[in-house]
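Whenever a hint applies, use it, and build me the whole structure from the sequences.
Protein chains in written order, with the numbering used here: chain A, 4 to 360; chain B, 4 to 360; chain C, 4 to 360; chain D, 4 to 360.
The hints are simulated quantities; they were obtained by calculation from the structure and are not laboratory data. Keep in mind that a hint or two might mislead.
Same chains, same names: a pair is fine if it fits in one copy or spans any two.
Stated by the list, open to error - Distance condition first, Cα-Cα at most 30 angstroms in a straight line; then the derived DSBU-like pairs of lysine-lysine: (1) 217 with 174; (2) 112 with 49; (3) 49 with 211; (4) 99 with 112; (5) 112 with 320.
Values in this document were obtained by computation on a predicted structure and should not be read as measured data.
Protein chains: 4
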Amino acid sequence: MTDQPKIKVGVLGATGSVGQRFVQLLADHPWFELTAVAASERSAGKTYREACNWFLSADIPANIAEMTIQPIDTNLDCQLVFSAIPGDIAKPVEEKFAAAGYGVMSNVKVHRYDADVPLVTAEVNPDHLQMLPIQRKNRGWDTGFIVTNSNCSTMPLVITLAPLHRAFGVKAVIVHTMQALSGAGYNGVPSLAALDNVIPFIGGEEEKMVIESKKMLGTFENAQFTPAEFALSAHCNRVSTIDGHMETVSVAFHRPPADESEIVRLWQEWNPLPQQLGLPSAPVPPIVIRREPNRPQTRLDRDAGNGMAVSVGRLRKCDVLDYKFVLLSHNTVRGAAGASVLNAELMLAQGMLDGLR
Amino acid sequence: MTDQPKIKVGVLGATGSVGQRFVQLLADHPWFELTAVAASERSAGKTYREACNWFLSADIPANIAEMTIQPIDTNLDCQLVFSAIPGDIAKPVEEKFAAAGYGVMSNVKVHRYDADVPLVTAEVNPDHLQMLPIQRKNRGWDTGFIVTNSNCSTMPLVITLAPLHRAFGVKAVIVHTMQALSGAGYNGVPSLAALDNVIPFIGGEEEKMVIESKKMLGTFENAQFTPAEFALSAHCNRVSTIDGHMETVSVAFHRPPADESEIVRLWQEWNPLPQQLGLPSAPVPPIVIRREPNRPQTRLDRDAGNGMAVSVGRLRKCDVLDYKFVLLSHNTVRGAAGASVLNAELMLAQGMLDGLR
Amino acid sequence: MTDQPKIKVGVLGATGSVGQRFVQLLADHPWFELTAVAASERSAGKTYREACNWFLSADIPANIAEMTIQPIDTNLDCQLVFSAIPGDIAKPVEEKFAAAGYGVMSNVKVHRYDADVPLVTAEVNPDHLQMLPIQRKNRGWDTGFIVTNSNCSTMPLVITLAPLHRAFGVKAVIVHTMQALSGAGYNGVPSLAALDNVIPFIGGEEEKMVIESKKMLGTFENAQFTPAEFALSAHCNRVSTIDGHMETVSVAFHRPPADESEIVRLWQEWNPLPQQLGLPSAPVPPIVIRREPNRPQTRLDRDAGNGMAVSVGRLRKCDVLDYKFVLLSHNTVRGAAGASVLNAELMLAQGMLDGLR
Amino acid sequence: MTDQPKIKVGVLGATGSVGQRFVQLLADHPWFELTAVAASERSAGKTYREACNWFLSADIPANIAEMTIQPIDTNLDCQLVFSAIPGDIAKPVEEKFAAAGYGVMSNVKVHRYDADVPLVTAEVNPDHLQMLPIQRKNRGWDTGFIVTNSNCSTMPLVITLAPLHRAFGVKAVIVHTMQALSGAGYNGVPSLAALDNVIPFIGGEEEKMVIESKKMLGTFENAQFTPAEFALSAHCNRVSTIDGHMETVSVAFHRPPADESEIVRLWQEWNPLPQQLGLPSAPVPPIVIRREPNRPQTRLDRDAGNGMAVSVGRLRKCDVLDYKFVLLSHNTVRGAAGASVLNAELMLAQGMLDGLR
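So, in structure tokens, the structure goes:
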């Protein structure tokens, strides 16, 4: 693929928490060239360095820092946009971009539940992208499209469940999250609410985990998505960590394996499409199995696979459901910007970005 | 009871994390007089102020600071001892004290599972104290005894389940804890392991939750304890908070109530023995029901009822079991030293401390 | 003073960080009755419980929780108002209240530097209150007045310097602060900026320390304030603590004492007016001297004297200036709301609140 | 230099906090080959993975994880050893290694103040290495030697002062540190002492800053070290950060520059020997000047220059001394292991490691 010219891409909402991750991941990407950073009117016209309260630990990429921020308008010089627009205004904006012929890789929830919009985790349900011709037809779009990725707590859960679901049939899941502060955005959680504290509530999060996990583990057949049928109950909590969502999971199966080794083997041998295709952002392996009794730990393991792998540990029998384990993933990389970028790589590798604008 | 002379009490292991809480709670107690602080040979002979790296936020109580620490020996000038001895040496020591005629209120796990040792949460299973005559007979003890209280994560769980178990019959519980650093003792968790981190493992804790909750919710009949029969699965995690264990709980009942209101009513109307007796350390109410969607929170609510109440919130239906909720309690007060003191008050109020030494 | 009817007081800006402390300190005050809580139009009309995101660890005082929040208008039913209004709108509002006959105890900076407005730390410069008749005359106010207290980092510094300044003459001070997050207000510092971080900058703080310390350690003579003459250089930093400003201080004197003991003696024997008068909020002693090498510590010592005392430690020679030491005080109690309340108590005890409205 | 065979190196005390950094920095070094990891008897014989409680965020380097830990003995298969031995036993051990012909790059304080042992920061006083022939002669060593680097808080201070000292003559310094938890080693600070806290004391640290800064900014002439003559006063504090020491500095000069720009220019143009030689670990630039008012910040800037650069900011006039500023550097990289490695690179580039064993 190295002979191809790079696809020009833009980031919508480039100054926010997820927007900064997009910029970081795209500034030096082998297949994409970041040619447009767009943000609210308040920021437009300033350089990215001026407008952005950059809070990632490395500096702003030098080739982006002096780019001028543009308004979020459909005259951006690019073919594909990564959307991290604040939720309330995202719906019409993303649709306008798709109508104008842009591919839209959306990290926002507004279109996730639309019947003709794929909600994709590249390793889990790449086949859902086949909905796009129908989407275009439904909406009268020419080359444009909207592809979404799930929320940051659901994604690592479905990644760990996907190979098990195919083998054993997930029947019920109780998941408990300990989510990092960055998941709420830079101004999301005041320090006085975070330090020496746990907040056992994240608005809308538990509902998202239910709906999104079923859509992603469900099927695309006969031109429609059919959600997987299982029960899921989520307890979502905010804890005092910078990055990295830790989750404990109890799961029951229709056809439970005899022991843990079958689950471990499935995780180890899992080689989904992004890894087969050798996509630049695809972590190898996608699931890192920790053997130590006290791992994964948030600070030590969140960057596994450049933040794109899901780390699991403590797999053992559950006295109420069948098995239980712990998982960890980086919420703004694997759970947000990185997942969108991986989806875009998957589409490019499959020719799905040909002919864009 | 104000006319009675105070019972003389001592604290074994007085300089440690739980020992400091004992000292704080007993320094000005209406029924008990703290006359002996005992600790390891290394500390013995020093004043409490010298030997103790006091780390509670108020100062060392003035009447205790200059007391001389004594070795942990059965010549302490007191009738009752509160034990916070490190686990590995506690077993013979506690037995020696009981044999010497002391009442032993133990916060240590070594005797919790003995067939003739009550494991008591004062609000939940005060009838288990009726085992003591049998214990004395078994062990050839005269006036001495050993009464234990449970570990810090189990206690608030059984408090919230107790009134529900009687009404609906607990069938299964999945509990997930987010436990404070103080639960591991002062040197338990290095700061580099705590800051910006979650550790999804606490050695032995999950097993304790299973065994201890069943013993306390079980019965004392025909001179023996019979554990309650239900399935319990625990996920125990260490998070970056000073004090206060937060737990999320999903529970299934044999006879589930039609809706949340029946549970709320049971919690509200629950008036167990310590509260009926007006014991000095008994919180009123024992269970504080928070109505806000984002409460209880660790830092804001751990001191409810002077650290002796359990706060609950977010009661709602569970898609996998029947109901789910959040609970919080202060792990070194309600979950440790305070519970021991309350047990001792309960015994005193019932005449069970008469005739000690 | 117990025979007097209580003075009716109100809090302006009652829902914010400092406002909550005012409510907490005034809800059960022996001399003042909190009869009015006022806040922005957005909150007005709601109950205090509804409007206030209470984040102090104890609950909202029960007698205040159901009070209706009023707009910040001069028809409040009270005689004295404690002002915690956001800085930008405070100036005209506080003046309007004073003109309407209210006493205004202001925690806001807008009037601190006015030539006829006392900036008072009750222990340090109570004589500055004698400016009030001149203030009233200047401004054409009848019974009303404005009295301010200093910012939270300056106050403990001048408390520790005051007895030394009188004895030895302060010549130069280099002070370095490590300030708590609550000093910036509830939404002041995002958690992502606080955790695992130090921010070596607090806007305007260093300038405030220079001006305010000189005004408070200066004189009131011939109807005017004359600032003390010394050099002060401040380095202000935000660290990851909830409450409690820690400061390290190097100080040079015009007539330096021969050794540390003279300083210690002055601190120990200091018995300023509020303590002489036995004011309800006056800490005894005002300065707590810690002897341990590693104290004061923020979490352990910030509540000394109910949060009103200043803790000092590590007094020793400085190789560049003369002496150096560490101080700690509670920034929203001693450094803000508590200081205002203490000023009001001082005025009441001296008859300066007679005849208000 | 690429044609040379790599120098074989070992790490003494390889499992501790600084030892882990050595392993991380040496595992894939262009000039050194890590052939021996040595630790206490308790660890010897285990693999590095087994013995080491690795707590850096990346995993143990794969080529080191399975190496067998050896006892700290002079039969290690290497030419140069990096010493991170706990202080109390380091003195005889390091001397034994030097006597056996090993080069010893010591991060430990025991030899820092010896009259014939260079205390070197590669950018600041590389000429001090010329003491080595005298050291060998004094001690009767053949090829071996001991070179030390300073403690973690002193090093970035002397780096920022070095170019200024040469130009303006440092007369007096007041420095205040806010030091990270990793500086105390993995078990150094319990989490209960770190969270929501500042500890204004680090044993021995202030004395080290005085002595070591004067030795490093001093001269090597006539076969002896002469310390620089200036006054330094240090206030050392432990704050709740993982890595990165922040320091605020006030400095007076003998010949103060007219304004900040001269200082900035000196910092910018400083091109010391390691940078001239292009050493692999030498950061370019050595001093990163931040222009934002609120930078450097610990979490954002500690990794500048791969953790080897010192970030400075907020340069401004000081009302007591001449100028003041803020500095930040990574305490276990720049301030410890990285500095030792850079010193070794400097020696190798100058031929000073030729002929070792």
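These are the hints, each one checked on the structure:
no., hint, result
1, 217 with 174, "both (11 angstroms within a copy, 27 angstroms between copies)"
2, 112 with 49, "within (28 angstroms within a copy, 33 angstroms between copies)"
3, 49 with 211, "neither (35 angstroms within a copy, 32 angstroms between copies)"
4, 99 with 112, "within (16 angstroms within a copy, 48 angstroms between copies)"
5, 112 with 320, "between (34 angstroms within a copy, 24 angstroms between copies)"
When each numbered hint is compared with the structure, a violation occurs for hint 3 only.
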